[in-house]
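A.B. asks: The primary structure of each chain is shown beneath.
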Amino acid sequence: MRGLLKSMGVTLAVFARKPVTREYPDTHRPLPERDRAFPLLLWDHDLDEPFCTGCHACERACPVECMTVLMKDNPNHRTQGGDSTRRKIVDKFWIDYARCMRCNICVEVCNFDAIAMNNTWQGHETSVYDRADLIQDLPQLLAEHKAGAIKPWVPQ
Amino acid sequence: MTTVPFPHEHEFETQDLMINMGPQHPSTHGVFRMVLQVDGEVVRDVVPYIGYMHRGGEKLAETMDFRQGIGWMDRTEYLAQHNAELSYVMAVEALAELEVPERAQWIRMILCELNRLSSHFMFTGAFGTDAGIFGTAFVYSFREREVILDLFEEISGDRLMYAYFRPGGLAWDVPDNFARRVAEVLKSTRQGIKDMDGLLTENEIFRARTVDIGKISAADAIDWGCTGPVLRASGVPLDLRRTEPYLYYDQLDFDIITGTNGDVYDRFVVRVEEMRQSVRIIEQCMERLRPGPILPDRLPRMLRTPPGEVYLRTEAPRGEYGIYMVSRGGNRPHRLKIRSSCFANLQALRDMTIGSYVADAVVILGSLDIVLCEVDR
Amino acid sequence: MNNDLFGFEINVWADAAARLGLIVGLMTVVVMGLIYGERKIIARFQQRLGPTRTGPAGLLQSVADALKLVAKEDVRPRSADPWVFELAPYFVFVPIFLMFVAIPFALRWEIRVLELGLFYVLAVSSVNIVGWVMAGWGSDNRYAMLGALRAAAQAISYELPLVMSLISVGIVADSFNLTEIVRSQGQVPNIVWQPLPFFLFFVAILAELNRTPFDIPVGESEVVGGPFVEYSGIRWSMFFLAEYAALFILALLGAAVFLGGWAWPLGEEWGLGWQLVLTALKAGALIFAVFWVRVTMPRLRIDQLMAFSWKVLLPISFVQVLANGLVLVYEPPQHIANILLAAVSGAGLLLVVWIMNHSVGKPRPRPVLSPRAATAPTATRSEAAR
Ligand code: SF4
Ligand code: SF4
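For the protein sequence lines, the chains are V, D and B, in the order given. Using our numbering, read the first sequence as starting at 1 and increasing by one per residue. Using our numbering, read the second sequence as starting at 157 and increasing by one per residue. Using our numbering, read the third sequence as starting at 534 and increasing by one per residue.
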């Protein structure tokens, strides 16, 4: 009987405490800056072009092969009359978020700090009705950083 | 399928009832299936079926280089990811003969023990539900687990699939407020352990349900290959942290918890006490944590190992989590085999269950604390 | 032929219809309230919030649930026995609602005053087990079958302590009329003089209602809902409705029989409003206790449950009835009789507690292996491998 009463005491003590529920869709807990949702590409605001040179390093390192990168000559390069130092630049870029396992390897291997993990709630709330809609193309991948919506964290 | 012929005590002809439990059943802890042969309420035989969760993780990891493979280890043991990663990266380090900086080792220990806490919380919660509490134990444990997962998210960026350990050290350093956050987490955890202990350990009904149920002797447990709390509950003081110390466990002061009876109750109490020991370990680690590098100075961009083979085991929350790795040189393992603790522990289920009641079968299965992803890999 | 319905002259048939409508309407509303209350209270016990999203503070959650259940498809397994399967909910539902007839809320506020009200309630309440067994058998599902057999065994075992505990109170009150029982308590409610029957009553209603620690027939983690496992939609909601209606009615019964109903401690002169508040408070306290036990206790096993009923509760309840009879046969003065009753009953309660303590055994000391001594490091196998 003592044990039963002790258990009842524990539950009663908890009854008096404040609930710990986070009312998720109404209130969003602030995310830590290292939070990893899905990878996205960063935008070089100085030169008005992506950082990504299309070097395929991330594509090769991705364990689930969910990235596809195509490279092209940079029309904005110095030799072409522009002001960019990037000789090559990304032409097309797809990431299949449905396959991505959010391992952060693409961010680690990129030599140009051109890719980062989305650390906002928008990055987590990506439900769609069709898996094909989860394949992100270059404009979609660049949109958030271009609009200044994220502050990326890239490990040193 | 083998069935044990059982002498019928009845005068008249009776037929045992075959009950299929799982793979969709609230208390099979994932997609585990067992077919119970019951006579009234008494279990005459149980045939377990595994493999619903098989994804070929070992084979997949053979196609991955050493950094990519870490993510796969997370997914074999989704309640103790840091411990699973640890075995893998330590195996790679043994093959490549990497020196790991001291700070990285301490952080690894802290994270592994925190992960043991979160995993044991998950056990106590799920076990309470198996024993029939209406969700209370479960919610208490999730409350505490949530606090720990929040810390993990602040460190590694992810709540479940951390992919944070690297051969040679860690992916990146912990945030600056690490010490304060760990202290906060431990405070909450201590309260959680107290709640869980008070709710269950002395409760008469809980004891009536667990004491002397699913007993297994030390000799049998060793024969079945049980490790971890299941083995220690039978009285065998085998804890790899003590018997073959890895990381810096030999520098710390902590107790190995053993049971006396090898029953379900002991398995529960051993885990609760182990949580207290984990808190002790983390406190000692925090005292010894110093600033410093977290990766070796000269780490090649793509890690390659000389040919060789290694079996490396660590003490995960559920027992011995071993990695057998064969390298023929190159940047990926030639062969990888995971020694799964749950798989071995689950083998003892049939022995423990036969002759008990249907309700006991659920409690016994719960006390083994299986993670089906680890059983099936 | 006219009848008196709360002070109005009214035709017999209209009267019957009105009272029937009252039962069904009131019950449905009360059950919805109870479900909402249970979810909120249990949520607080678990540091959660409970329903919040339908209506202000989730108040409309039960309404939404009811709508969902009504709109859901009524599935019947092909191999089920159609008649048994379809009729089972009514066999659970109707007896529970019939119980309501004799339960008083306040002075002259009941559907019917029955001279043997207590008996009537008990007799009707035990019929619904037929519905449980029908549901288990008709579903053609092994979990349901197992659950129904458990339910039958449990209901039969716990019906007896329930009856005995109420009979012993009836003996003390010298009546089986619920109104009389409330009146006879006077200054001090029965729980003081009869703690053991109250304990028996509480344990037995937990078992009758299939709530933890006695939720063996429906045990979610074992038989996945027991006899109801194949039911869905409106039929399932009838079981649910019956379960909560039974909770409400038994709590009212307990409040009237043991806690002094509407009378204690204000007396009968206070107005109807106060009487209703008192009844509601006492029933509410009992219901809260049921919820509290539900969030705290693990589930007993079927053999332990049966042993507890047949070996502990039943013999002791017989002794209690006998003792009450003996005390009253010799007609001692009122206060001596009361003290004697309380002493016997209290001793019985202590005996039950003692038995409960000793049937489980002492908690084993926590085993801890002292550091280092017994476990010296051995050569690592990984070293050997290299
Ligand atoms: S996070 Fe990992 S899985 Fe996702 S795209 Fe990057 S490398 Fe591939
Ligand atoms: S994101 Fe980085 S690694 Fe990937 S293609 Fe662009 S520059 Fe190369």
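Everything labelled a hint here was simulated from the structure, so no lab data went into it. A quick note: this is a predicted structure, and the numbers were derived from the prediction, not measured. Warning: the hint list may mix true and false statements.
To be verified - Keeping only pairs whose Cα atoms sit at most 27 angstroms apart, straight-line, the calculated DSSO-like set for lysine-lysine is:
id, chain 1, residue 1, chain 2, residue 2
1, V, K92, V, K72
2, B, K573, V, K6
3, D, K343, V, K6
4, D, K350, V, K6
5, B, K601, B, K573
6, V, K18, V, K6
7, B, K573, B, K605
8, V, K18, V, K88
9, D, K493, D, K215
10, V, K88, V, K72
11, B, K573, D, K350
12, V, K6, V, K88
13, V, K18, B, K605
14, V, K18, D, K350
15, V, K18, V, K92
16, V, K6, B, K601
17, V, K18, D, K343
18, V, K18, V, K72
A.B. asks: Against this structure, judge whether each hint is valid.
C.D. replies: Hints versus structure:
no.: 1; hint: V:K92 <-> V:K72; verdict: holds, 9 angstroms
no.: 2; hint: B:K573 <-> V:K6; verdict: holds, 23 angstroms
no.: 3; hint: D:K343 <-> V:K6; verdict: holds, 22 angstroms
no.: 4; hint: D:K350 <-> V:K6; verdict: holds, 12 angstroms
no.: 5; hint: B:K601 <-> B:K573; verdict: holds, 20 angstroms
no.: 6; hint: V:K18 <-> V:K6; verdict: holds, 21 angstroms
no.: 7; hint: B:K573 <-> B:K605; verdict: holds, 25 angstroms
no.: 8; hint: V:K18 <-> V:K88; verdict: violated, 57 angstroms
no.: 9; hint: D:K493 <-> D:K215; verdict: holds, 8 angstroms
no.: 10; hint: V:K88 <-> V:K72; verdict: holds, 6 angstroms
no.: 11; hint: B:K573 <-> D:K350; verdict: holds, 25 angstroms
no.: 12; hint: V:K6 <-> V:K88; verdict: violated, 70 angstroms
no.: 13; hint: V:K18 <-> B:K605; verdict: violated, 36 angstroms
no.: 14; hint: V:K18 <-> D:K350; verdict: holds, 17 angstroms
no.: 15; hint: V:K18 <-> V:K92; verdict: violated, 51 angstroms
no.: 16; hint: V:K6 <-> B:K601; verdict: violated, 39 angstroms
no.: 17; hint: V:K18 <-> D:K343; verdict: holds, 17 angstroms
no.: 18; hint: V:K18 <-> V:K72; verdict: violated, 58 angstroms
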